[in-house]
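K.L.:
Protein chains in written order, with the numbering used here: chain A, 1 to 307; chain B, 1001 to 1324; chain C, 2001 to 2331.
Hints listed in this document are in silico derivations from the structure and should not be mistaken for laboratory results. The C-beta atom is built at its ideal place from N, Cα and C for all residues, glycine as well. Mixed in with the good hints, there may be bad ones.
[As the list claims (entries may be wrong)] Beyond 10 Å from chain B on every Cβ pair, some chain C residues (computed):
| hint | residue |
| --- | --- |
| 1 | I2023 |
| 2 | Q2196 |
| 3 | E2248 |
[Claimed, not checked] Here are the simulated SDA-like cross-link-like pairs (lysine to any residue), alpha carbons at most 20 Å apart as the crow flies:
| hint | chain 1 | residue 1 | chain 2 | residue 2 |
| --- | --- | --- | --- | --- |
| 4 | A | K212 | B | H1123 |
| 5 | B | K1205 | C | K2038 |
| 6 | B | K1254 | C | N2005 |
| 7 | A | K212 | B | R1109 |
| 8 | C | K2267 | B | L1273 |
| 9 | A | K41 | C | K2205 |
| 10 | C | K2111 | C | R2082 |
| 11 | A | K212 | B | P1129 |
| 12 | A | K212 | B | P1125 |
| 13 | C | K2267 | B | K1205 |
| 14 | B | K1316 | B | R1272 |
| 15 | C | K2038 | B | R1268 |
| 16 | B | K1205 | C | R2271 |
| 17 | A | K212 | B | G1147 |
| 18 | A | K212 | B | R1266 |
| 19 | A | K41 | C | R2021 |
| 20 | A | K212 | B | H1215 |
| 21 | C | K2267 | B | H1215 |
| 22 | C | K2267 | B | R1266 |
| 23 | A | K136 | B | E1243 |
| 24 | A | K41 | C | T2019 |
| 25 | A | K136 | B | F1015 |
| 26 | A | K136 | B | R1016 |
| 27 | B | K1254 | C | G2269 |
| 28 | A | K212 | B | V1132 |
| 29 | C | K2111 | C | R2070 |
| 30 | C | K2205 | B | R1268 |
| 31 | C | K2205 | B | R1272 |
| 32 | B | K1316 | B | E1243 |
| 33 | B | K1254 | C | K2205 |
| 34 | A | K212 | B | H1126 |
| 35 | C | K2038 | B | D1269 |
| 36 | C | K2205 | C | N2005 |
| 37 | A | K212 | B | R1272 |
| 38 | C | K2267 | B | L1088 |
| 39 | B | K1254 | C | E2137 |
| 40 | A | K212 | B | T1122 |
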Amino acid sequence: MRPGRDPKLIADELPPLVPAEAGDDMAGETLWGDVVRAFWKNRAALAGVGVVTVIALMALGAPWFLRGDPYAIDLDLRHLPPSWDHWFGTDHYGRDLFTRVVHGARISLVIGLIPAFLSTVIGAVLGVVSGFYGGKTDFWIMRLADVVLAFPSLLLAMAIMYTLGASLFNIFIALSAVGWASTSRIVRSQTLSLREKDFVEAARALGVSRGKIVFRHILPNCLPSIVVVFTMSIPAAIMQEAGLSFLGVGAQPPTPSWGLLVSQGKEFIFSAPWEAILPGVAILLLVLAFNFMGDGLRDAIDPYMKD
Amino acid sequence: MSDALVSVRHLTVSFRAEGGFFGRSHRRVRAVDDVSLDVEEGSIFALVGESGCGKTTLGRALLRLLPPDSGEVLFRGKDLARMAPEELRRQRRRMQIVFQDPYASLNPRMRIRDTLAEPFWTHEPHLSPREVEVRGRELLRLVGLRGEVLGHFPHQFSGGQRQRIGIARALALHPEFVVCDEAVSALDVSIQAQVLNLLVDLREKFSLTYLFITHNLAVVRHLADRVGVMFLGRVMEVGPTEELFSTPLHPYTKFLIGAVPLPDPRRRDRERLLLQGDVLSPTDLPPGCRFAPRCPYARDRCREEEPRMSEREGRKVACHYPLA
Amino acid sequence: MDRGNAVLQVRNLRTEFATRRGIVPAVDGVSFEVFEGKVTGLVGESGCGKSVTALSILGLVTSPPGRVARGEILFEGRDLARMTPREMGAFRGRDLSMIFQEPMTSLNPVKTVGNQVGEPLRVHLGLSAREARRRAEEMLDLVGIPEPQLRYGAFPHQLSGGLRQRVMIAMALICSPKLLVADEPTTALDVTIQAQVLDLMMGLKNRLGTAIVLITHDLGVVAETCDDVYVMYAGHIVEQGDVYRLFERPGHPYTQGLLRCVPDASKPGRRGPLASIEGAVPLLTALPPGCRFAPRCPWAQELCHRQIPDLVAVGEGHLVRCWRAEEGGKP
């Protein structure tokens, strides 16, 4: 069992680029240090971070810098086009659309983060358990994942929302229940390959318990891909929430959810096109920004995920 | 043999064969097939053979890292195969392993400090973090590295240095028995010699017993006390190193030794022993002696009846018609 | 000294790689000649530049980050270093072919081995599919593959490592190339199979008159097969000469150390510690200013740490890159 070598990988032939008698200046150099450095060079990813930061700051600061009330109805001001007083114009109840979009960002961000976080955690735990323990446990977890993945995810989320009723909390449940499956598959396959690694065997030979092997050796080595999966599932969750709300099974009026804004605006798409288009642009911008971030992070981490 | 530290009796370890419907097959391949041997206390026992012969599997089974199908693995007379999990975990500090691939044997996310602390966390939890750190430094010095590198990550070291760290981890709890699974095969020759010398030094310091699993016969002849030759899951011959090399009893041993290239161009025109045929598959064994299809001396009996291990003058061989 | 015709002449080759820590010379001023019907060994440990030398000859250095920065690679009077990839493609597989360590990465997994062995005939010599098949079967037989007609239709994964390497050899030799570059051709094989494959390569070389560049870290393999030997260390050739002379009277302290590190399986063990070379190979990003072996050399003196020595002749065709070459590398 000698290690095979790809003749084209010349890097193998070169000695390690780190001093043989490793110098002390290298002491703090870690994977994450390298990742941050690579990420920093990626302009699209940095632009993504910028857009997300601006949107997040606006959402957080909304109560302070926006004096308007997103729910304040003024029937005299219905369907006003964008102007200096109303940046995004007003809707059919005369509410200021910019105020509503900014408040809606809070919902989208919360919806993006919480279900993405929940589904990543659930997926990671089930994936590690499935890969590490194998056997029947593995079989049933993976069959469940197959079932979840067999449905179009929006359809499944809609079905869950219908059953549970439309509320913000139920959106969390629906999106987490749909999102964990693909995460668990990725983490499982990583666990399977890590389980065979010599350093895991070494821990077994030392008599380290299984739980500690998982926490010390398996999970930290899965972490880079878990982080990537998490970042990528945020925009997916935002899109799904918007989709559910657009279709009427997500957030309910008068909540200023972006999906709902687009849905209400579509009634007036010819007379007041900004009412649907501007919230739509907001969705596009946030999702795109998160995707650029996720892509950048994946590219930065990728070289470390090869084995 | 009363002074055996580790003995195996009729050990069989099998794996599920690949292939079959949905990748599941009920056929099992015996990677180790009815093997018995003794490793004497304080000795270096070398297990040699070609890829797929089961030497690595046997090494893992000796440490009970793989469950045996049948047979006994006796460590100081106690059967590891039938030991309760908790008791087995306590025994683990007495037997350790050094791996082949220095790039896979250290957790890339762990600092050397933690890699060397793990043995103590597991078996001596009463030690304070400071004491664990002191022990870590001692271990590094023992294997010829500076204590300051405790804060480094594995990727900051060369292959030879990583192998030294792997050795330090294996010796942390002063084990009695260490399996070295191709421990130097992945290293450059000049570094191989450094690491082998280190292993030999440490043996004297800690009165260790080694099982060397290797395909490098030149190193075996130089270092080992006894040698076991494996072929397709069976031990074909066991004996003291010098006798086994100078007068091999089993034809396979003879061909294996004869195939090693010699670092002396003046002898390149010697009559060379070339073994015919290709590596055989363990899923598809012949009825008689498993070496018979490649053996130039095979007779009818070899193809019909599997030879049993027979003992003569302290040497053992599984062949109907031993050489010499 | 008459060694016949030089098939390949490498002159002052320098191959560099761009890394995060700057430009690194993996091969630095390497010159050697390969003669018709002879085996020329490039020996050294990992990182010495032997494989990069092979890839440079074959025009397979991945660029970027690598590039052949300087030097000539004369093959049949033409400079391979100056050829376009297209021109190289016409040479490779016909007059110039190669074998690598791991045949699985060089064989196409979705084509039958027979098809791959016959491919150079169709591509380079324009033979018909039928004729190519006949010749491929002959070649498979010649490299000792049992039942060649049957194996013609096999896929690479259905063969063992030894048989795959034989297929690679068949593929490399089917157009009767003038030069074969073999990079660690037997390192991934078991010893009994290694012996078979080496035996086969030497037999075919004698029959076809192919010149071979054999790249290996195994001094045993060198002693068994090579005619001329070049020992490489950190991108330099540190010693070159005839195999008999080099093994008998190694002139460079590195070669001496390397030979001492390798125990001989045919001699009784000595039981003492093995000879070793202290220290490690220098980083290509932090090469010492003087002789590259000086930091590990037991005989190094002040001059050695300051200035790189030239290759100096210590015997016929025997060159050593050492300031103390005349003293035989010893104090």
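K.L.:
Hint by hint, say whether it matches the structure.
P.N.:
Status of the hints after comparison with the structure:
1. I2023: holds (22 Å)
2. Q2196: violated (6 Å)
3. E2248: At about 8 Å from chain B, E2248/C fails to clear the 10 Å cut-off, so the statement is violated.
4. K212/A <-> H1123/B: Cα-Cα ~13 Å, so holds.
5. K1205/B <-> K2038/C: Violated, at roughly 50 Å.
6. K1254/B <-> N2005/C: Distance of about 41 Å is beyond 20 Å: violated.
7. K212/A <-> R1109/B: holds (15 Å)
8. K2267/C <-> L1273/B: holds (17 Å)
9. K41/A <-> K2205/C: violated (52 Å)
10. K2111/C <-> R2082/C: violated (33 Å)
11. K212/A <-> P1129/B: Holds, at about 18 Å.
12. K212/A <-> P1125/B: holds (14 Å)
13. K2267/C <-> K1205/B: violated (28 Å)
14. K1316/B <-> R1272/B: Status violated; Cα separation ~26 Å.
15. K2038/C <-> R1268/B: With Cα atoms ~15 Å apart, K2038/C and R1268/B stay inside 20 Å; holds.
16. K1205/B <-> R2271/C: holds (17 Å)
17. K212/A <-> G1147/B: violated (26 Å)
18. K212/A <-> R1266/B: violated (57 Å)
19. K41/A <-> R2021/C: Measuring from Cα to Cα gives roughly 17 Å; hence the hint holds.
20. K212/A <-> H1215/B: violated (34 Å)
21. K2267/C <-> H1215/B: Between K2267/C and H1215/B the Cα gap is close to 17 Å, so the pair holds against 20 Å.
22. K2267/C <-> R1266/B: Holds - the C-alpha atoms of R1266/B and K2267/C are around 15 Å apart, at most 20 Å.
23. K136/A <-> E1243/B: violated (51 Å)
24. K41/A <-> T2019/C: holds (17 Å)
25. K136/A <-> F1015/B: Satisfied, since the Cα-Cα distance of roughly 18 Å is no more than 20 Å.
26. K136/A <-> R1016/B: Judged against 20 Å, a Cα distance of about 16 Å means the pair holds.
27. K1254/B <-> G2269/C: Measuring from Cα to Cα gives roughly 17 Å; hence the hint holds.
28. K212/A <-> V1132/B: holds (18 Å)
29. K2111/C <-> R2070/C: violated (38 Å)
30. K2205/C <-> R1268/B: holds (16 Å)
31. K2205/C <-> R1272/B: holds (18 Å)
32. K1316/B <-> E1243/B: Satisfied, since the Cα-Cα distance of roughly 12 Å is no more than 20 Å.
33. K1254/B <-> K2205/C: Given that 20 Å is the threshold and the Cα spacing comes to 28 Å, the pair is violated.
34. K212/A <-> H1126/B: Holds, at roughly 17 Å.
35. K2038/C <-> D1269/B: holds (16 Å)
36. K2205/C <-> N2005/C: At roughly 15 Å apart (the allowed maximum being 20 Å), N2005/C and K2205/C satisfy the hint.
37. K212/A <-> R1272/B: Violated: K212/A and R1272/B sit about 53 Å apart, past 20 Å.
38. K2267/C <-> L1088/B: Distance ~42 Å between K2267/C and L1088/B Cα, so the pair is violated.
39. K1254/B <-> E2137/C: violated (33 Å)
40. K212/A <-> T1122/B: Cα-Cα ~10 Å, so holds.
The earlier numbered hints that this structure contradicts are 2, 3, 5, 6, 9, 10, 13, 14, 17, 18, 20, 23, 29, 33, 37, 38 and 39.
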